Structures are given as C-alpha cells and as structure tokens.
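Undergrad: The primary structure of each chain is shown beneath.
Number of protein chains: 2
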Amino acid sequence: MKKNNIPTRIYLTEDQIPTTWYNLRADMKEKPAPLLNPGTKKPVTVSELSNVFCEKLAEQELDNDTRYFEIPKEVRDFYKMYRPSPLVRAYNLEKALGTPARIYFKYEGNNTSGSHKLNSAAAQVYYAKDQGLKGLTTETGAGQWGTALAESSAFFNLPLTVYMVKVSYEQKPFRKFVMETFDAEVIPSPSMTTKVGQKILSENPGTGGSLGCAISEAVEKAVGGIETRYVLGSVLNQVLLHQSVIGLESKAAMSMIDEYPDIIIGCAGGGSNLGGLIAPFMQDKILGNNDPRIIAVEPSSCPSLTRGVYAYDFCDTGKVTPLAKMYTLGSSFMPSPDHAGGLRYHGMSPIISKLYDDGLLDAVSVEQTKVFEAAVLFAKTETILPAPESAHAIKQAIDEALICKETGEEKVILFGLTGTGYFDMTAYNAFKEGRMTDYIPKDEELKKEFDKLPKL
Amino acid sequence: MKKNNIPTRIYLTEDQIPTTWYNLRADMKEKPAPLLNPGTKKPVTVSELSNVFCEKLAEQELDNDTRYFEIPKEVRDFYKMYRPSPLVRAYNLEKALGTPARIYFKYEGNNTSGSHKLNSAAAQVYYAKDQGLKGLTTETGAGQWGTALAESSAFFNLPLTVYMVKVSYEQKPFRKFVMETFDAEVIPSPSMTTKVGQKILSENPGTGGSLGCAISEAVEKAVGGIETRYVLGSVLNQVLLHQSVIGLESKAAMSMIDEYPDIIIGCAGGGSNLGGLIAPFMQDKILGNNDPRIIAVEPSSCPSLTRGVYAYDFCDTGKVTPLAKMYTLGSSFMPSPDHAGGLRYHGMSPIISKLYDDGLLDAVSVEQTKVFEAAVLFAKTETILPAPESAHAIKQAIDEALICKETGEEKVILFGLTGTGYFDMTAYNAFKEGRMTDYIPKDEELKKEFDKLPKL
Numbered sequence: 000m001k002k003n004n005i006p007t008r009i010y011l012t013e014d015q016i017p018t019t020w021y022n023l024r025a026d027m028k029e030k031p032a033p034l035l036n037p038g039t040k041k042p043v044t045v046s047e048l049s050n051v052f053c054e055k056l057a058e059q060e061l062d063n064d065t066r067y068f069e070i071p072k073e074v075r076d077f078y079k080m081y082r083p084s085p086l087v088r089a090y091n092l093e094k095a096l097g098t099p100a101r102i103y104f105k106y107e108g109n110n111t112s113g114s115h116k117l118n119s120a121a122a123q124v125y126y127a128k129d130q131g132l133k134g135l136t137t138e139t140g141a142g143q144w145g146t147a148l149a150e151s152s153a154f155f156n157l158p159l160t161v162y163m164v165k166v167s168y169e170q171k172p173f174r175k176f177v178m179e180t181f182d183a184e185v186i187p188s189p190s191m192t193t194k195v196g197q198k199i200l201s202e203n204p205g206t207g208g209s210l211g212c213a214i215s216e217a218v219e220k221a222v223g224g225i226e227t228r229y230v231l232g233s234v235l236n237q238v239l240l241h242q243s244v245i246g247l248e249s250k251a252a253m254s255m256i257d258e259y260p261d262i263i264i265g266c267a268g269g270g271s272n273l274g275g276l277i278a279p280f281m282q283d284k285i286l287g288n289n290d291p292r293i294i295a296v297e298p299s300s301c302p303s304l305t306r307g308v309y310a311y312d313f314c315d316t317g318k319v320t321p322l323a324k325m326y327t328l329g330s331s332f333m334p335s336p337d338h339a340g341g342l343r344y345h346g347m348s349p350i351i352s353k354l355y356d357d358g359l360l361d362a363v364s365v366e367q368t369k370v371f372e373a374a375v376l377f378a379k380t381e382t383i384l385p386a387p388e389s390a391h392a393i394k395q396a397i398d399e400a401l402i403c404k405e406t407g408e409e410k411v412i413l414f415g416l417t418g419t420g421y422f423d424m425t426a427y428n429a430f431k432e433g434r435m436t437d438y439i440p441k442d443e444e445l446k447k448e449f450d451k452l453p454k455l
Numbered sequence: 000m001k002k003n004n005i006p007t008r009i010y011l012t013e014d015q016i017p018t019t020w021y022n023l024r025a026d027m028k029e030k031p032a033p034l035l036n037p038g039t040k041k042p043v044t045v046s047e048l049s050n051v052f053c054e055k056l057a058e059q060e061l062d063n064d065t066r067y068f069e070i071p072k073e074v075r076d077f078y079k080m081y082r083p084s085p086l087v088r089a090y091n092l093e094k095a096l097g098t099p100a101r102i103y104f105k106y107e108g109n110n111t112s113g114s115h116k117l118n119s120a121a122a123q124v125y126y127a128k129d130q131g132l133k134g135l136t137t138e139t140g141a142g143q144w145g146t147a148l149a150e151s152s153a154f155f156n157l158p159l160t161v162y163m164v165k166v167s168y169e170q171k172p173f174r175k176f177v178m179e180t181f182d183a184e185v186i187p188s189p190s191m192t193t194k195v196g197q198k199i200l201s202e203n204p205g206t207g208g209s210l211g212c213a214i215s216e217a218v219e220k221a222v223g224g225i226e227t228r229y230v231l232g233s234v235l236n237q238v239l240l241h242q243s244v245i246g247l248e249s250k251a252a253m254s255m256i257d258e259y260p261d262i263i264i265g266c267a268g269g270g271s272n273l274g275g276l277i278a279p280f281m282q283d284k285i286l287g288n289n290d291p292r293i294i295a296v297e298p299s300s301c302p303s304l305t306r307g308v309y310a311y312d313f314c315d316t317g318k319v320t321p322l323a324k325m326y327t328l329g330s331s332f333m334p335s336p337d338h339a340g341g342l343r344y345h346g347m348s349p350i351i352s353k354l355y356d357d358g359l360l361d362a363v364s365v366e367q368t369k370v371f372e373a374a375v376l377f378a379k380t381e382t383i384l385p386a387p388e389s390a391h392a393i394k395q396a397i398d399e400a401l402i403c404k405e406t407g408e409e410k411v412i413l414f415g416l417t418g419t420g421y422f423d424m425t426a427y428n429a430f431k432e433g434r435m436t437d438y439i440p441k442d443e444e445l446k447k448e449f450d451k452l453p454k455l
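Heads up: the protein sequence lines correspond to chains A and B, in order. Taken in order, the first sequence gives residues 0 to 455; the numbers are from the numbering used here. Taken in order, the second sequence gives residues 0 to 455; the numbers are from the numbering used here.
It is worth saying that the hints were derived from the structure and are not from the lab.
Any copy, or any two copies together, can satisfy a pair, since identical chains are not distinguished.
Quick list of in silico lysine to aspartate or glutamate cross-link-like pairs, DMTMM-like style, CA-CA up to 20 angstroms:
(1) K369 - D437
(2) K41 - E60
(3) K284 - D261
(4) K2 - E13
Computed from a prediction, not measured in an experiment: that's the story for all the values here.
The following block holds chain A by itself, in its conformation from the complex (with noise of 0.2 angstroms):
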C-alpha cells in the first residue's frame, strides 16, 4: 500500500542530530588500499600527513578500525545552526512521473553555504583552530566547497586561501563574492603565487585552470607557509567520516516513518556525499541486515567509476599529494569546459573506489542535457531549483521511479538532493536556450590518460 499519511518533509529534533560520525571503513571486509607516499612508495603515516592536514584530521585518515568518532561539541554546536536537515517526501515529482514509488530525498541544500559541504568544512577549520593553527588553504571548482569552508572560517575566525579553478573564477564573479563577503583570500588558479602554478602557467598560458590544478597549489602554499595547513571537501577518508552525518541522519529519520530504501542513489564526483549519504545502508549491506542497491551517478564528460582504471594515481595535476589507489581518469584529464557545475574530478574516493570494485555499488553516467531536463522538471514540481550536481542524482531517481511505473512496484527511493542551483544559472539558461551540448570523452583520449598512470 502507498503510504500517503507521511509528513512531506521528516525532521529530526535537535537531540537527534548523531553524536558521532560512523567510519564505514571499520566495517569494510576488506580496507581501501592505503595511500603512498610517492617518494617511498610506501604507506603514508599520521606524522607525515601531519605536514599537509591537521593532526586530528591526519589520524582520521588512516583509521581503518575506530567505528565511531564523537563530534566535537563545538562542530555539534555549529551543525544545529542547520541541521538536522530535512529529509523531504517528493510527493509532487511522484505525481508528475504517476509512479508508484515512494521517492525522499535528503535535502543538504538547506544552508547558506547552499551544499553538503559544511559538514566537513566545519569539522576541518575546527579541529585546525584546536590545534593552535594559524591558517588554511584549499582549492574550489565550482564553489561549493570554498563558499562552505568560507563560511566556517569566518565563523572559527581562521584565516582561509582559496585557490578557485580560474575558469570558475571568471565565470562565478558571485560565488568569488560570497567566500569575500565571509573574509577568505580568493585567488584564480593556476596562479604566480606559487612554482606549481607558475610552471603550469608557462606550459600553457591561456590554461582556464583545473581542479587537480588547484589542489596542487593549495597544498604547496600550506606546506610552505608558517601554521597552515592544507584542507579538501571531497575524495579523501576524513571527508567521508565527517559527511557520515547525512547518512545517519537519513536512517534514522526513514525509521521514524518505517520505511527503508530499495535503492538509494546519490550524484558522485569526488564522493564526498556518495559516501556519506549511503554510510550507514552500506553497513548494512557489508553485515548482511539489508540489501539495498545503491548507485553513484557521474557526468559522462567525466566518468571515473565507469570508464575509469582502478589504479594508483595523484590526487592532483601538479603530483604533489600523496598516491590514492582509486578509480581514475588520470591525473590530467581535463573534463570539457563545456561542462557545467562540479563533478569533474578525475578521480574517486579510495572507499568509493573499493566498495565499486567490490561490487557493492552500481555506477552509471548520465549526459548534461538530461541532467538538466530532470532538473528543471524537479524544479517545477517541488519548488527546488537544484544543483546540477544534485540534479545527476535527480536524474537516476526519476528513471527509476519510471521504471517502477512500468513494473507497478512500489519502491522506496531515496536519494541526496547535495545543494541549490543558484549559481549555476548560466547553465540553466544554456540550457533553457537550447545551447548546452553534451560531450563523452573518447577511448583514445582516456588511453592515452592511462598510459601517463604512476608506475609502481
């Protein structure tokens, strides 16, 4: 039977927000591959981490065994300034699509900072003031994670740099805006501000910048600078714990209305909400209590899961990071510019990574033109205009729903609505005007990606 009495959207009270983080990788039968140092060869310790990342953050890095990590009062404190977040019953797509699935989403978009990404930024930039630190770097593509970690700087009043992927840069003078507005140093990158950027700079000129890019600089600047040190909003184990919240929070409200997801489904570009979002469902997958599909849903301008390697690679372009064995493009892939929003990483999560090559996740890619069509139509039916990383996620959930309205079967749906569109809408008019194109790399081009892969 549909169950109709569900309230549209399932709060949380303010004493059910989750204590701890839950770290799936204790769970996990088998741990992702460690990280290497790509000097050695050999697998990083906290000490040396401890040069890029806060020693807190370090630790919770390489933790493959702690299960739950308490939530600092202060982090707790500020996470109820807007969470819990809402867990939201799309009652109104469900009746445009007239199927017979029960679709939810878990609504992170319902911050300034309009993303997922404050749950971790607020987690790093307190344990950095904790540890007496004087300063953080960071890169950002599309935005999202400097505008969060901005907003968590201020608030901590730590200073903050922001190496911005230049053609964000010059393309999102307002998301440029909001990071200034909460006092943090905006820089376009590649920059002269540090040697990697400068030798990208004289390799090619006219460079619009890229993620990995960005990362290389960031961490060059905080490894050189006095008390600084380096922060990431995606891809890495501590991001993942930290994102757990989402996924937490979403089980334990879906059980306060008696419902459990058939499939859970979320957009995955570094894997920072992926992860999160399906912490707990994965657990209990791995111990044999449920057995949920679950799908991580990528652009095809960038498809790492499913055209990736499996391989051990950088983290970014500059190769300074630390080796991850993940599923990869390479380290320098350049998604098309054509490309909009975010989700153009050339990586994936080493948990990620792992769970997919154990086969323990489904991935597809989806094109942008779809993406945004199932974004407009999720606009106009539920009155949120989202990301269009979100709207990947969107994307997959509605066929699904449709596939269920073929079948009759009335599955439960839940997927991560990560954050609002605001900023994207020269996408949404690139779209609306008929001018977005779609673009799938190549074999060749990825080939020729792979045959560049660190030789271990």
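Please arrange chain B on chain A, whose structure you already have, making use of the hints.
TA: Same frame as chain A, but now just chain B:
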C-alpha cells in the same frame, strides 16, 4: 534567567501549519481607509476590482470583517514543501554581541525562491487557476516576488508575464534566468509592450525604470489581456492576509518554548513581511492581551513611514491603479539607483500605514552601509547570508540587543529574516570594497513629490 536549553531551530510539525490566514483588519478598531476609484473618488467595489484581480482575491482585498480565511487544501499542500519555516534562536549572534537579550528570527529564506514571497504567490496563483484564468501578469523589482511567482505559476501550470524593473533586469541576469527556468516571460520595464511603457520611454528614453512603472505596465497588460489578471507581491491587504502564516507560525513556535517577544522587528518596503509577521502579535496588542513593541525598519533612501505623508496616492507611477490611503513619498518618487536590493517602493501597505498613524507601531530608517555591516556580522555568526532587505531588521535587532547590553535587560527580540542574499552579491562586493554609499533624500526633494499628490 537566560534560557539556554532552547533548541537552536524550533520547528512546528506539518499538522501545525496554520489552516487559516488571520485577517488583522477584523480586529482593528479603526479600519484602514478604503481604496478609491480614481475616476469617481468612491470606494472601489469587488466587482470593479475583479477586472484587475481574480474574484476571491478581490473579495479578500476588501473584506475588513472576516477574521479567519480558510487556506485552500491545494495551497496548504504547496506550503508543505517548505513550511513550517524554522524559528531560530540566534545564540551565536547573542554571543558575539555579548547581550543578555534572547534573539529569535523567523527564517523565511528556507525555500528556493529565497524569500517569504512564496506564501502569497502560491495563494494568488492557486485562486487564479481555480477561477479558470489563462494568464497572470506582475512586476518585480529586486526579483524575489517574480521568482516566487514564477515557481508558483510553474507548479500550478499558469502562464506568467513579469515586468522586471530595467535596472534590475540588467544588473541581475541570474534572477531573470531563474524566472525563465520556471517558464515565466520576463520583460524589462519600461517596455514598448504597453501604452504606459511607451509614454514613459518617450519622456525618459534612458530611464532604468521603477517598481511603480512596472506595476503600471503589468496592470495595463492584465486588463487588456484575455482572462488575464494582475498579481502583486506586497502592499495589498490580501498579501498581508496570506503572509499572516509567518506570524501565526512564529507565535505558535514561541509559545512552544514558553516565550513571548518584547520587541518585534520587520523590514518594511511595501509591508508584506512586516504585516504578516506582526499580525497575531498586533492582535494581542489591540485586544489588550499583551503589549509588544513593534518596529518597522525602512531604508533611509526610501523612507515612506518616517518621512512620507499619510495621504491618498496612486500605487503606481502610471496612475492606473486605485487610490490607496497610505504613507507615501509620492508615486513618482524614485529612490537613488545606488540603493541596493528591494524596499524601494514609494508607499506603504494601507494596513501598516493605519497602524503606524494610530501609534501602534514604531518606524525607523537606516542607512545601507550600516545595514550591510549588520548583514556581514550576522552571516559570519549565524552562517546565513541575508538578503539586504532582511538585513534592515537584523540591524535594528542588533541595536536593540546592544541597548539590552547597556541596561542588563533580558528582552526577547523577534525579527523576520525574510530571505537570502544569493542574488545580491554585487552589493555585498561593493560594501566589502568600500564602494557603497548612503543616500538620504533632501526635504526639498520630498516636498516636490508631496505637492504632486492627487487632490481629493
């Protein structure tokens, strides 16, 4: 004793969304002066108004007696997508100010339209659809109303034409793109599509337009269209009626935590948010059940309450609307183009005007640089980047909280946080870079406008 065990966000449950709107006029001892037909100078009738507004709305506009109007089920279902909105305890702002006051804000920016305007937009579109109309016209200044109306029109599937003040149309292309994403037709005003637009353009070819002029065009288009009506996002009695959900929810949420505001603060342009927020509290005041201090905050560049006259005036520049008795700066008053954001309407809601004239509420005007200073402090402490309009209320709330710091009084302050500032980053940037200036109209300038008021 300072209550520190109150949750940061207080949510009502879905079944606590009001089932009726509250019509403050029913409890006002003296009613607002009636709208007059500018030809006959007699009070307009429902039948006359029904040429401009759909019937139900014309009835609501003129009904001074019905205390509660049932909210149609379809509108309640729409509300469920984003209501109840949270009442938030601004713990971090209190801490930053070091005030013993308890500061609460009702947060209406919690939906994709980004403001409280959606509350009336959904109602107005629903009634138009229910009457079988074929289209709607409206105007928008800063863009909040147009966005909310476009979302509602897309949801209820009714064509919409928006006349957007030209200077905003040019400065805020993203606002336009949002409306277009929701299938609205957006026309910069003044335009050649109406007689009044043609006239204004012939007299002032280079004009950037004004809200009053855009209203004239939208009304002309509606009256001349087939089964088309005009809708307005502020000033009107019907709008304040719909916006009473803000106040009803606020009062219910405060009651849940055993609080009652000593001071209630709202920003005031046309009065839609202020009128909605204060409605049930003003009822208490009128009936002698309680005596909160109520404060309207307007920009010093467009000070209709604090420096205007209480007189009959046109609601638009083109003088096509009925005459309303209100505090006004004159229907041809144009606020400085340097003024950022909304709140640039020449008049004030007849209800608010009457309450102010009766001494039931206070009004203050503030300069925009001070407003942005407050906005940035709020953003950094509460992580919400406020709309410049809303920041007028924040500024006053901060001032009141600082007085409490002096006196040691633990007052309870409630203000309306009407929206977010995502589309106002140009203004934030100007403030950040010290390029923002203040503008206060000279007495002579205002006097010239007052001399032009219609003679009755």
